[in-house]
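Asks: Residue-level listing of the chains:
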Amino acid sequence: MNNKLLEINDLHTFFFTEAGVVKAVNGVSVEAERGRTIGLVGESGSGKTITALSALRVIPRPGRIVSGTIRFDGEDILAKREEEMRKLRGPKMAMVFQDPTTSLNPVYTVGKQLTDIITLHKNLAKSEAKEKASRLLEVVGIPEPKKRLNAYPHELSGGMKQRVAIARALSCEPELLFADEPTTNLDVTIQAQVLDLLRQLQKEFKMTLVMITHDMGIIAYMTERVSVLYAGKVVEVADTATIFNKPRHPYTEALLKAVPSVAQTRKLEVIPGNIPNLIEPPSGCVFHPRCKYMKDICSKEVPPLETVEEGHWVACLRWRELSLESRTG
Amino acid sequence: MIVAFFVIVGVFGPYLAPYPARGYQPLYEGEAGTPPSWKHPFGVEESGIDVFSEVIHGTKNDLYVGLAASFLATLLGIIVGAVAGYFRGVASHVLLGITQVFFVIPTLLLILLFARVFQVLVFKGLGLTLIVLILAFFGWSSIGFVVRGETLRVREMEFVQAARSLGASNLRLLFRHIVPNILSPVIVYTTLNIAGFILTEVVVSFLGFGDANTSTWGLILNEGFTYVRAEWWVSLFAGLAVVICVLGFNLVGDGLSDALNPRLRE
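For the record, the sequence lines run as chains G and Y. Each residue of the first sequence is one higher than the last, beginning at 5 in the numbering used here. Each residue of the second sequence is one higher than the last, beginning at 1191 in the numbering used here.
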């Protein structure tokens, strides 16, 4: 057994559009150990979702994995044929999408959508698949699961729909689950429920969970390790506690300052500007146009990912000289 | 919805009701060419055929032509349109091109040509089924376009991506996840097509290119046409049947399009 379930190394996934090549993922490396929860954090467009879709090899066109390696349980994902990939999707790795109103097929009942996936991967009779579907709904905390099997997605509330989507992703007990902003479209109270559910299920199914989010609060609550992504690049990787206590990258610091806090009544700091154009990313460090510690050198040299200490890497040219504010400080 | 329901009842009811009156024989009893009477409500035709039963049989045959041809055309249109819309690359462009060719060619002329050529040379005795095949072969392109456009739209929706990420294959995605989501416009077009196909069949058999051994409205119109001044009843009732039937299907199509249009459902 390989302890590193997912190893993504120097992944480049580009979208070949008419306007130019969009470098959505431009050299991302991520590792996830078996049974742990890791986080991918960054603004919209930082390449989090595309990284996950690349691992599943379901990148929408005109996107394509250009270079890099992806290993799942030691096996080279990119060398597999499409038929082999189809057998992995579902029983080995699965994904929960951001918006349950659009990620469930509106014309089929909840039961049909679950049994469909179950019978696709497992040789089960219809009644057994239905039985399993109803157990799954129970597992994700849906009351009266037998009755709900016959409900259509539009008959359920947002939170319930996301539970169904989670049940569907879990229907073949995947070893690796990507959760792509699973709570972004839910009410705050429901968000906590769904996060708790994911946490509990991760332990119960002994899954590896990859939380994709822009919310540092979710990162703190859910994950053990974090990769901070910006403009298709990893800018910092560390244990979650380290990220919050000793951030080394100015972008991480800025993300932390943008989190509202109940205890502190300080003003929220906005990161100025927007995520850069990914067709022609900025020269040097991709973050330099928005960085408040920017020096001339930042626009000229590409910062390598350097080791701060064991298990903590940062890609910033000035990390040694900067002393950044932590969450608590 | 209510309108659609009334339209359905109003259109199908009258046609279903007279069906038990199946007694069809030519009446060579000196009644040839008599006007409508209690015995022969629509009158009798020149060669002694009861127009009332002829119209009823024509109804059956014309509905068969309309429904079967429309069904086949829809099937063909869904397959071609869905494949053209879902996949990218050369095959998709070729299919789109074929659809466009079928859309612009003068269908009626070709239908007449094909009907005559096949009727005489190849499939003797296939009768109406031949007409059905020809109509479907030349009439699927509008559905093909609709399906292609809708497939392009639905293809990008998240549940397709979700199903793919859980191991669904391309064909499964296309026919189990995408096609069921685009059926509402297809149903509307299918219904409108029925009316169109019936009308085309009437034209074909009125012009004498149909099967001369099967009663259809067009054939009755054709036979009545010669004596239309003296024996107006022959053409009149067959013509009325055509008008009402086609109008009916168009109204149903309209009703369905209103009922299935999410923007009007509020």
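Since the hints were derived computationally from the structure, they do not count as laboratory data. These numbers were taken from a predicted model, which means no experiment stands behind them. Don't be surprised by glycine CBs; every beta carbon is placed ideally from N, CA and C. Take the hints with a grain of salt, since some may be wrong.
Some chain Y residues near chain G, calculated using beta-carbon distances under 7 Å [unchecked claim]: (1) His1247; (2) Lys1250; (3) Ala1258; (4) Glu1348; (5) Phe1349; (6) Pro1375; (7) Ala1385.
Asks: Each of the hints needs a verdict: does it hold here or not?
Replies: Status of the hints after comparison with the structure:
1. His1247: violated (39 Å)
2. Lys1250: Since chain G brings no Cβ nearer than about 34 Å to Lys1250 of chain Y, farther than 7 Å, the hint is violated.
3. Ala1258: violated (26 Å)
4. Glu1348: The hint holds - Glu1348 of chain Y has a Cβ within 7 Å of chain G, the shortest such distance being about 4 Å.
5. Phe1349: holds (5 Å)
6. Pro1375: Pro1375 of chain Y check fails; min Cβ-Cβ to chain G is 14 Å, beyond 7 Å.
7. Ala1385: violated (27 Å)
In summary, the structure is inconsistent with hints 1, 2, 3, 6 and 7 from the numbered list given earlier, while agreeing with the others.
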